[in-house]
Every structure is written in structure tokens, then in C-alpha cells.
Amino acid sequence: MAEVLVFVDHVDGAVRKPTLELLTLARRIGEPVAVSLGSGAENTAPALAEHGAVRVLTAEAPEFADYLVVPKVDAVQAAFEAVSPSAVLFPSSAEGKEIAARLAVRIGSGIITDAVDLEAGEEGPVATQSVFAAAFTTRSRVSRGTPVITVKPNSAAVEAAPAAGAVEALEVSFSEKATGTKVVARTPRESTGRPDLTEAAIVVSGGRGVGGAENFPVVEALADSLGAAVGASRAAVDAGWYPHTNQVGQTGKTVSPQLYIAAGISGAIQHRAGMQTSKTIVAVNKDAEAPIFDLVDYGVVGDLFEVVPQLTEEVKTRKG
Amino acid sequence: MSLRIVVCVKYVPDATGDRHFAEDLTVDRDDVDGLLSELDEYAVEQALQIAEERQRAGDDAEITVLTVGPEDAKDALRKALSMGADKAVHVEDEDLHGTDALGTSLVLARAIEKTGYDLVVCGMASTDGTMGVLAAMLAERLGVPQVSLLSEVSVEDGTVTGRRDGDTATEQLQARLPAVVSVTDQSGEARYPSFKGIMAAKKKPVASWDLSDLDIEAEDVGLEGAWTAVEGATERPARTAGTIVKDEGEGGKQLAAFLAERKFI
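Which chain is which? The protein sequence lines are Y and C, in order. In terms of the numbering used here, the first sequence is residues 1 to 320. In terms of the numbering used here, the second sequence is residues 321 to 585.
Quick caveat, the hints were computed from the structure, so don't treat them as lab data. C-beta atoms are modelled at their ideal positions from N, C-alpha and C, and glycine is treated no differently. Please note: incorrect hints may appear among the correct ones.
[To be verified] Calculated from the model, a selection of chain Y residues having no Cβ within reach of chain C, i.e. all distances over 10 Å: (1) Pro-46; (2) Glu-60; (3) Glu-81; (4) Ala-166; (5) Gly-212; (6) Ala-213; (7) Pro-217; (8) Phe-293; (9) Asp-297; (10) Asp-303.
[As the list claims (entries may be wrong)] Derived lysine-lysine pairs resembling DSSO-like cross-links, with alpha carbons at most 30 Å apart: (11) Y/Lys-319 / C/Lys-583; (12) C/Lys-583 / Y/Lys-17; (13) Y/Lys-286 / C/Lys-566; (14) Y/Lys-286 / C/Lys-573; (15) Y/Lys-182 / C/Lys-434; (16) C/Lys-566 / C/Lys-583.
So here's chain C without its partners, still in its complex pose (with noise of 0.2 Å):
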């Protein structure tokens, strides 16, 4: 039976560009160049890995990419898709603008049923709003187990298991399918894009769904019905001018003469 991976993705503000705020405290996209979160490359990559594992053993394996965000997200989904992913589905509505991440969450879990799934496989993290808390929303949402955080992940009959290092300990973890799992960026570096991969994934099927596909009311996610609220954002202030010299052979010493003026020795 073939094994069916849904993968959540996330488009972002590039990291390296100017992001800030629009007028209303969400995130301004307008001005900032997007992508495919870094962190989910990871996660379509283990994706791959065990589908391709699943193949050789002459199983087979289907994998899902899915997305919530606006008509630009899809660019995210065509690099999944160029790296090997087999569909996609982008559910994109108008309502959803400002949508929180319990809203994501309860978005992404109603589209990940109506896709049918036996593993999801997030990323560690979004590297816009950095909270880290989605596979184990998800994980409570859908009911199956969350195995999250991993740096190496493995399935084989109907198991899933991973190994999570913890900041006091190193952690083998073990589950039955369906389940919900995270990887790290230490799972395994992403593959490039091949030009044949991009050349197929134009012609590979992105779905897309709206909010009454999924029977969300509007009222329940978007910028009203988040649980949270922004009440201000500020540009930090830019740090004052340091001083910086040059070592001519004295650098380590001027450097503790700094260190103890402001009591660090």
C-alpha cells in the first residue's frame, strides 16, 4: 500500500532582505522577496529519503506538499514540487490574512484530512515567526503522535522512529503510523533542485482549496479571529558606534582593559 507523506511548507520573508511590519502588524510581504522556508527544505528532504527508501524496498510512497499563504506561496510549492515532490495543495483565501498560528494550525490539520495521510512531516520551525510550536499543534489536532525534533528519521512497518537531541540528553523515539514529525537541520542537507526536477514539477498538479473547502469560517482564523493581538512593533534602535582597533600586538590586552572597565573580570 502506498505510504502517503503529506508535508507542510512555509513561504517567508527572505531572512537576508529588509523585513518589518505593514500598517495593520502583520507581516509586510510586499516588500520583501519570498521563498521556501529554509528549515522545510529539511523536511521535504526527509520526505524524499523515505519514500525513496520505500521505493527500493519495492514499496511505494505519495508525497503531498501543502501550504497555507497567499497567491506567491505557490512559489514555495513549485520548489518542493522541482525537488521531487509528487502534488501540491495551496489553500489560499482571502480571509486567511493575519491568521495566528493556533489558526494555521487547525487550517492545516482540516486540509491534511482531506488529503489523507499515514506520515506529516514538518520542519523545525518557520525562520519568519521562529515558534517552533506547529507539528505538535498539529500532532494534538490530528490525534496521532507527534515524534518531533529529529535528527535522523527512519520508517519501516508502519513505525516511525527518530532520534531528538534534547539540551540535557539524546533521545531515541519510536511511534506507530499515522504520525506527525519534525526535523532539525542537522537531519541532512536539502538537494538542489535538478533541471529535469524543475522541468517536471510544472507539470506536476497543485490543488487549490479555500476556507469553505475545508468548512472553516472565516470568523476563526485571519487577523479577527486570531487568539493573539500585536499591540506595537518598533524598529530596534541601531547600536551606537563601537570602538574597534587594531591589534599591533596589544589586541588581547586592550580587549580585557574593555572586559574589566565594564566589570566582566
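Chain Y on its own, in the form it takes in the complex (with noise of 0.2 Å):
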């Protein structure tokens, strides 16, 4: 069986959850060799084992920190010389996508960003894409060269599958280009001890009508109860309540979790483009005009300072 390439995405040697999505949809066309980089990369081989990886690529060195995404770009084209594969996966974060695009361009090959499902198809891998705002679901594959594809969070539940996961010293001599962007600082994001928003099952954001830094508590109550990321629009962002990191939107974060709650969000298209296809969307609004409300599965017109914090005391009492 031909072999599929993963770009292991990792804090520390701490697998991150999207790339044991993208182990199982690798498993559907071919057999999965990770390749796990940088400080850590041997402690993923246990968990990139366990979810169906037949043999883990593992290379250390400073460049992959000290340089921005060239140093890797170099390791993944080593790599896919070395396996030859017959398609090369990475998860859909900023990073995984710009080493996608630039790997594309040396290899020669066509590149997929963003799919949402993936499976084999007779003329190679076919990539399910969500686009127009999610208006439309679009079938792909790449008609040259090897398919070089990003898939987003959410796209695959994880199943486990043990193989050998068998590790392997990669071989990387990099690129003259490889030094070219230096990363002279960076600060860790402080844990907010909340699940990762593009990876939360459940997420709950918060719009123009929490009015303010103030009130986001309330919408982050509602958010602890239930386990969930907290979002936010981009009115909310913009006006400085709440981080960048956390919007969701067209220029932010695309969410797909099973529910999505949105609190005082009129839902405008561009936030639209960013939630749509959660599974289950519930929205709580004054505004009973809102366009949130024609995408709800159930939708509260009231005022959200009434509706979240009763929400919030329902769900604490009936978790017990």
C-alpha cells in the first residue's frame, strides 16, 4: 500500500489533536508516515503510533525554532524524497499551510487548502472543501504532481488504529533559504485553561450585543459550564473586548464544532464564513430579525444578560 506523508503538529512533543484527525483520513488512502520535527519530536512517536502511523521521521535541531517555516520546508522535502509518497497531508493552521504551499511549489505538485473530508478516489485522493461562506461543498483532487493537502480541525473523528510507528532519524541538510526570517523573541499565549477554539467541541462566542470587556464573563461562565472555547465576533474584536486570537469569522478562526452557541451576535457574513458548519448552532439574541436566526437550530430572542446566566445555573445543576 502506498505510503501517505503527515506533518506532525506539536507543542514539546505533545501531539496536537488535528493531526490524529488527519492520521485517519491518511489511513483511508494509504499508509501513514509521520513526520514529527523540532524539540520533542520523539516523544510523538506514542501517540502517532497509536492512531495508525506505520513509521515516524523525527529531526532535531535548532533551525526549526530559531527560523521561520523554511527549516521545515526543508525537512518535509527530504522526507518526501526519501518515502516517495502518493500524497502529502498537513493540518490547516497558518504554519502547516505555508509549509504546504511552499513544498507544492518545489515539488511541482497541486495543493489543497482546507478540506474538510477526504477519501480515495480513483484518479487519486478526493478533498471535500466548504467555500462561499460555506454556501457551497466542493469535490477536488490534484491533477499534477504528488496531492499536497491541509485539512481543517474537526474534519475526522480520532480513531485509534496501533502500528509500528517505528522511529527514524530524518535526514536534513537545509537550504541556503533556510536562515532567511529569524525569529528574534517569542512568548508562549498564556493557557486560559479553556480548550483550543479551531480544536473545542463545543464553542461559545460572544458579539456586539455583550456590550463590553466588562461583560465577557458572562459569556465565559456559560463557556466553563459546558467545557467549551469562548469566541467572539469581529464587532467584539474590533472594539477591544476580546483578543484577536479568539475571533471567529472570515478573517479569524473557521470553527466546526459540534454545538455552537452564539450570544448577542447578529451574524453578519463574514461571522457566518466562520461557523456555519457546526453541527448543531443555537444563537441568543434581542433582535428577533437577526440573521443568526435563519441558521439556528434553536434560537432565544431575549436579552442574553437574562438568557446566558439562567442557561449557565440550568446546565451546572442538571451536570450536578
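Assembly of the complex is requested from the two constituent chains, each provided in isolation within its own frame, with the hints serving as guidance.
In C-alpha cells, the structure reads:
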């Protein structure tokens, strides 16, 4: 069976969930060979093996952290040449997409980004994408070169499938361009203790109706009662009420959780583009005419400062 | 010496319009109004600020705005010129219809080399394809550093520095020019063209190039030359109407009951 290269997104050896989803999808089109780079790379092997990686190619070098993107492109290209895979898969993170883009140019291959599903086809893997603010679903394939595909978080349920996961050192010689963009400082994001927005099964978002930064704890309290991530609309972010890293929408993050709760969000097209593929959508808004109500499975027309705290209490009570 | 800045922009169908596909599964541009991609306005704005900073320091800068697209795409160039860019390049060729990201990056890279550059500025993504891969592809093709997804950017003494807000960390980046940068929607609100700017834009030069000007063969671009193929596009079925209740004191509890029924609690 053909081997499929899977790029591993990890933080100091802890594999992030979208990579495990990627391994599940990779198994549909071949045998996953994982490429794990940087500090803690070898520590990713057990989790990768448990989810179907037949081999884990690892490389550690200071260049991966000290310079932007290109050292990782060099490494993935080395893996590509060593393995001759039938496809190369990346998580649709900012970095994943950039590495994929440069690899595609180097190996002369087509690239598909932000796939939400992947299956084997007669002429190679077929990727499903959600486009035009999720108004259309397309099915595409790479027609020239080895398919390079990036996949969005929450596109597949993680399935365990134990495999050998044999660790092999990957030989990488860095290109002259690898050290072009220096990372002169890095400040890790402070953990909020809440799940990551793009990976969360439940997202609770606040918008203009929240009225101010001082009111966001109302949204956060509901999120915490449900074990959810917190999102914000562009209006709330632009007003400075919540960090940009939590923005849901066309220019922020796209999320596709099992449950999306929109509080005080009217549902402009740009916001809908970022959450429309959520499985169940719930909204609380004072304005009965708000476009968000066209999308909802359940909507409450009312004051979010009445409805949301009551919901939070009820969730706590029911969870005991 | 004058700092040569090239800003890559895209003419896109208005996201608030009813976007759909043509029969050949390319984006239907006939039925929807087009405009300069909102995310590229941030790129134009940052280029203007870099040029203005340089001029304040008694130096010089020139901004060329570049697009690849059909006749109407000139509208996007006019908007950027009216914001303050100095000149424009429009790459237009009927063989370009259906060109995908890889092909577009080839055309842009050739046009950038022909124009001459010290700094290339892109938006973080287009608002239609939303791939967000172009800056990386351009850096790869041009063989220069990539300083991408910046919320802050500045240029001094032949060095570009910027701030990148990632999922797990914020990074400060630095590279020597020439370089390709891309900026996010957090980089700073784009200015509105003034009346004076709009009038001035009408007199600014817009060069028109076709594939032969860039030594690109028709078979390497367009729908035939694309590295990817769209096999089908289906409209998402309309959601079935949900339940909507008016809060009369029990709205939160009713919502909790719905969530419990769906096993979220």
C-alpha cells in the first residue's frame, strides 16, 4: 500500500488533536508515515503509533525554532524524497499551510487547502471543501504532481489504530534560504485553561450585544459550565473587548464544533463564514430579525444577560 | 535610494453578494459585483505607511500595485491608486481564466521580477479562495525571506521586522530585504480614498501585461494548466427551520432542555 506523508503539529512533543484526525483520514488513502520536527519530536511517536503511523521520521535542530517556516520545508522535502509518498497531508494551521504551499512549489505539485473530508478516488485522493462562506461544497483533486492537501480541524473523528510507529532519524541538510527569517523573540500564549478554539467540541461566542469587555465573563461562565472554548465576533474584537486570537469569522478562525452558541451576535456574512458548518447552532439575541436566526437549530429572542446566566445555572444544576 | 514596494492585490466577488460557480466550475464573476479584496486593503495601507515613514526620514519609496485578473480587475487597482499607491500593473490574458494558486504565484512572481522590488506586501488571504498560501509561494519562487501574517510591520536600514500572532505563541520576526511580507486584518484599519486621491488616481499609470510579456506559456496557466481540478460543486442545502422561542423568563431553561435533549449536557 502506498505511503502517505503526514506532517505532525506538536508542542514540545505533545501532539495536537488535528494531527490525530489527519492520521485517521490518511489511513483511508494509504499507510501514514509521520514527519515530526523540532524539540520533543521523538516523544510524539507513541501517540502517532497508536493512531496508525507505520513510521515516524524525526529531526531535531535549533533551526526549526530559530527561523520561520523554511527549515521545516527543507525537512519535509527531505522526507518526501526519502519516502516517495502518494500524498502529503498537513493540518490547516497557518504554519501547516505555509509549509504545504512552499513544498508544492518545490515539487511541482498541486495544492488543496482547508479540506473538510478526504477519500480515495480513482485518480487519487478527493478532497471536500466548504467554500463561499459555506454556501457551497466542492470536491477537488490534485491533477498534477503528488497531492499536497491541508485539512481543517474537526474534519474527522479521531480513531485509534495501533501501528508499528518505528522511529527513524530523518537526514536534513538545510538550504541556504533556511535562515532568511529569524525569530528574534517568542512569547508563548498564556493558557486560559479552556480548550483551543479550533479544536473544541463546543464553542460559545460573544458579539456586539455583549456590550463591553467587562461583560465577557457572562460568556466565559457559560463556556466553562459546558467545557467549551470562547469565541468572539469581529465587532467584539475590533472594539477591543476580546483578543483577536479568539475571533471567529472569515478573517479570524473558522470553527466547526459539535455545538456553537452565539450570544449577542447578529450573524453578518463574515461571521457566518467562520461557523456555518457547526453541527448544531444555537443563538441568543434581542433582535428577532437578526440573520443568525436563519441558521439556528434553536434560538432564543431575548436579553442575553437574562438568558445566558439562567442557562449557565441550569447546565451546572443538570451536571450536578 | 528609492525603496521599491510591490503590493499584490486581488479583485474578488463581493462576499455579501450571492456567489456561485460557472459551468466550468470556476468562480462566476458575471453575476456578482467585484471589488478590491478587503484583506488586501490592509496590505495597501501598510505599504503606504512604510513609504510615508521613509519619506519622513528624508528618503524615497515607490509603491506599485499589482493584480492578475480580467478587465474589471482594474477597479481593484484604481482603488489602491486612489488610496495612494503610485502606479499599477495589470496582468490580463484570456488564457489566464481558471488559473489556480500555483499558476497565479508563477504569474505574480514573474511580474514582480519584471517590475523590480525590494519589498512585496500581500494580504493574509483572499476573501474568495481564502487559501492564504500566496505569500509563502511568492517567497519560495523569488528565493527571498518570507515574513508572514504580521499584525505589525516596519522597515528600517534594509531590514523588515514584524510581529506574528500564532496559535500558541507571539513571535517577533526579522529579515533582510528583499523580502515578501503578508499582513493580517490586525495591522491597522485601511484609509478611505480622499476626493483628491480619487482624482489623482485617474492620472496614474496602469501598465497592462499579457503572458508573452512575462515569458509564460499558456499551457502552464489557466484551467488546462491548473494543478488542481474541481470535480463537483453543490449548493449546501438550506438548513431546516429551527425552533425559535421568545424569552418570557424561562428562555435559559428552555435552551438547557434543548441542549440536554441533544446530549450536550
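Structure-based check of each hint:
1. Every CB of chain C lies more than 10 Å from the CB of Y/Pro-46, the least distance being 21 Å, so the non-interface label holds.
2. The Cβ of Y/Glu-60 lies farther than 10 Å from every Cβ of chain C, with a closest approach of about 18 Å, so its non-interface assignment holds.
3. Listed as a non-interface residue, Y/Glu-81 keeps its Cβ farther than 10 Å from every Cβ of chain C; the least gap is roughly 17 Å.
4. The Cβ of Y/Ala-166 lies farther than 10 Å from every Cβ of chain C, with a closest approach of about 28 Å, so its non-interface assignment holds.
5. Against the 10 Å criterion, Y/Gly-212 stays outside the reach of chain C, whose nearest CB is about 20 Å from its own CB.
6. Separation of Y/Ala-213 from chain C is adequate, the least Cβ-Cβ distance of about 17 Å exceeding the 10 Å criterion.
7. Listed as a non-interface residue, Y/Pro-217 keeps its Cβ farther than 10 Å from every Cβ of chain C; the least gap is roughly 16 Å.
8. At roughly 6 Å from the closest C-beta of chain C, the C-beta of Y/Phe-293 falls inside 10 Å, breaking its exclusion from the interface.
9. Listed as outside the interface, Y/Asp-297 is inconsistent with that label: its C-beta sits roughly 4 Å from the nearest C-beta of chain C, within the 10 Å cut-off.
10. Distance to chain C contradicts Y/Asp-303 as a non-interface residue, since its nearest Cβ pair spans about 7 Å, not more than 10 Å.
11. Straight-line distance between C-alpha atoms of Y/Lys-319 and C/Lys-583 comes to about 11 Å, which keeps the hinted pair within the 30 Å bound.
12. For the given pair, C/Lys-583 sits about 22 Å from Y/Lys-17 by alpha-carbon distance, which is consistent with the 30 Å threshold.
13. Distance hint between Y/Lys-286 and C/Lys-566 is fulfilled; the C-alpha atoms sit about 9 Å from each other, no more than 30 Å.
14. At most 30 Å may separate the alpha-carbon atoms for a hinted pair to count; Y/Lys-286 and C/Lys-573 meet this at roughly 17 Å.
15. Distance restraint check for Y/Lys-182 and C/Lys-434: the Cα-Cα separation of roughly 28 Å lies within the 30 Å cut-off, and the hinted pair is therefore satisfied.
16. For the proposed pair C/Lys-566 and C/Lys-583, the alpha carbon gap of about 23 Å is at most 30 Å, so the pair holds.
The structure is inconsistent with the numbered hints 8, 9, 10, although it conforms to all the rest.
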